[in-house]
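Peer 1: Given chain A, put chain B in place with the hints provided.
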Amino acid sequence: AQKVTQTQTSISVMEKTTVTMDCVYETQDSSYFLFWYKQTASGEIVFLIRQDSYKKENATVGHYSLNFQKPKSSIGLIITATQIEDSAVYFCAMRDNYAQGLTFGLGTRVSVFP
Amino acid sequence: DMKVTQMPRYLIKRMGENVLLECGQDMSHETMYWYRQDPGLGLQLIYISYDVDSNSEGDIPKGYRVSRKKREHFSLILDSAKTNQTSVYFCASSLGTHQAPLFGEGTRLSVL
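As you go down the protein sequences, you meet chains A and B in turn.
Residue 55 in this note's numbering sits at position 55 of the first sequence; the count goes up by one each step and never skips.
Residue 83 in this note's numbering sits at position 83 of the second sequence; the count goes up by one each step and never skips.
Looking at chain A on its own, in the form it has when it is part of the complex (with noise of 0.2 angstroms):
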């Protein structure tokens, strides 16, 4: 069974820093797919990056990028240039060729101050 983990509950940065969190997870899959996902104070649940786990480059969308060590079974988010709408709770998730949906780690709450 996939199982995705967030160690990290809460980080607060400076605005225009860079803020990083991790991510682990578990599968016996050789094949899945990882994703990141933010969700605001309203409550939106918002895509923000993926990564294929046959690829080696680390993927990049925007000041979001990822930091994938496969044999660490880690995908870690990076957030380069913080700014104050990039508070949020961000979710790491995961979906092999098994599973039924993705899997959600609990999240990590960062919040940005001026």
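Derived from the structure by calculation, the hints contain no laboratory data.
Possibly wrong hints are sitting among the right ones.
To be verified - With a straight-line cut-off of 20 angstroms between C-alpha atoms, the simulated EDC-like cross-links for lysine to aspartate or glutamate are:
{"id": "1", "chain 1": "B", "residue 1": "K70", "chain 2": "B", "residue 2": "D1"}
{"id": "2", "chain 1": "A", "residue 1": "K72", "chain 2": "A", "residue 2": "E57"}
{"id": "3", "chain 1": "A", "residue 1": "K3", "chain 2": "B", "residue 2": "E57"}
{"id": "4", "chain 1": "A", "residue 1": "K3", "chain 2": "B", "residue 2": "D59"}
{"id": "5", "chain 1": "A", "residue 1": "K3", "chain 2": "A", "residue 2": "D22"}
{"id": "6", "chain 1": "B", "residue 1": "K69", "chain 2": "B", "residue 2": "D53"}
{"id": "7", "chain 1": "A", "residue 1": "K3", "chain 2": "A", "residue 2": "D52"}
{"id": "8", "chain 1": "B", "residue 1": "K3", "chain 2": "A", "residue 2": "E44"}
{"id": "9", "chain 1": "A", "residue 1": "K3", "chain 2": "B", "residue 2": "D38"}
{"id": "10", "chain 1": "B", "residue 1": "K3", "chain 2": "B", "residue 2": "E30"}
{"id": "11", "chain 1": "B", "residue 1": "K3", "chain 2": "B", "residue 2": "D26"}
{"id": "12", "chain 1": "B", "residue 1": "K70", "chain 2": "B", "residue 2": "E30"}
To be verified - For the chain A half of the interface with chain B, some residues (derived, Cβ under 10 angstroms), not all of them:
{"id": "13", "residue": "S30"}
{"id": "14", "residue": "Y37"}
{"id": "15", "residue": "S42"}
{"id": "16", "residue": "E44"}
{"id": "17", "residue": "I45"}
{"id": "18", "residue": "L48"}
{"id": "19", "residue": "I49"}
{"id": "20", "residue": "D52"}
{"id": "21", "residue": "L106"}
{"id": "22", "residue": "F113"}
Quantities reported herein were computed from a predicted structural model and do not represent experimental measurements.
Beta carbons are placed, not taken as given, at the ideal position from N, Cα and C, and that holds for glycine.
Peer 2: Showing chain B alone in chain A's frame:
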């Protein structure tokens, strides 16, 4: 406009009443999902639908059933709601099972 729409957004029901949560999408996505979100438990998959009348149980299907008679519409039904079904319910859809699901805005259900 690519969107997943959930109705209603807020709902209060009494224990034992039936509940119908509705979800629609305008992207012809084959796969649709129902999740619930609770503090400390995160997002948990209730049901997944791979297309019309092709539904599978997720991790916590007990007490729920679903209906998908049209590709763009996926309903979650609670027969005789229980207080422990108080939660925020999210519907999502994706083009395939390996694509990132797009989430609706959620339905906050309170069962008293």
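Peer 1: Give a verdict on every hint.
Peer 2: Now the hints, each set against the structure:
1. Taken as a hint, the B:K70 and B:D1 pair is honoured in the structure, with Cα atoms around 19 angstroms apart against an allowance of 20 angstroms.
2. A threshold of 20 angstroms between alpha carbons decides the hint, and for A:K72 with A:E57 the separation of about 16 angstroms falls inside it, so the pair holds.
3. Distance check on the hinted pair: A:K3 and B:E57 sit about 18 angstroms apart at the alpha-carbon level, within 20 angstroms; holds.
4. With a C-alpha separation of about 12 angstroms, the suggested pair A:K3 and B:D59 falls inside the 20 angstroms cut-off, and the hint holds.
5. About 14 angstroms separates the Cα atoms of A:K3 and A:D22, which keeps this hinted pair within 20 angstroms; it holds.
6. Under the criterion of a C-alpha separation no larger than 20 angstroms, the hint pairing B:K69 with B:D53 is consistent with the structure, at around 6 angstroms.
7. At most 20 angstroms may separate the alpha-carbon atoms for a hinted pair to count; A:K3 and A:D52 meet this at roughly 16 angstroms.
8. Between B:K3 and A:E44, the direct Cα distance comes to roughly 12 angstroms. Compliance with the 20 angstroms bound is thereby established for this hinted pair.
9. At most 20 angstroms may separate the alpha-carbon atoms for a hinted pair to count; A:K3 and B:D38 meet this at roughly 17 angstroms.
10. Distance restraint check for B:K3 and B:E30: the Cα-Cα separation of roughly 14 angstroms lies within the 20 angstroms cut-off, and the hinted pair is therefore satisfied.
11. Restraint check for B:K3 and B:D26: satisfied, since their Cα atoms lie roughly 6 angstroms apart, inside the 20 angstroms limit.
12. Distance hint between B:K70 and B:E30 is fulfilled; the C-alpha atoms sit about 10 angstroms from each other, no more than 20 angstroms.
13. At its closest, the beta carbon of A:S30 sits 14 angstroms from a beta carbon of chain B; the interface hint therefore is violated under the 10 angstroms criterion.
14. Against a cut-off of 10 angstroms between C-beta atoms, the interface hint on A:Y37 holds, since the closest Cβ of chain B lies about 8 angstroms away.
15. Nearest Cβ of chain B to the Cβ of A:S42: about 8 angstroms, under the 10 angstroms cut. The hint holds.
16. Against a cut-off of 10 angstroms between C-beta atoms, the interface hint on A:E44 holds, since the closest Cβ of chain B lies about 6 angstroms away.
17. Given hint, A:I45 at the interface with chain B, holds; its Cβ is 4 angstroms from that chain's nearest Cβ, closer than 10 angstroms.
18. A distance limit of 10 angstroms between C-beta atoms decides the matter here; for A:L48 the minimum to chain B is near 9 angstroms, and the interface restraint holds.
19. Below 10 angstroms, beta-carbon pairs count as interface contacts, and A:I49 has one with chain B at about 9 angstroms; its hint therefore holds.
20. The criterion of a C-beta within 10 angstroms of any C-beta in chain B is met by A:D52, whose closest approach is roughly 8 angstroms, and the hint holds.
21. Hint status for A:L106 relative to chain B: holds, with the closest Cβ pair at about 5 angstroms, below 10 angstroms.
22. Because the smallest distance between the Cβ of A:F113 and any Cβ of chain B comes to about 24 angstroms, over 10 angstroms, the interface hint for this residue is violated.
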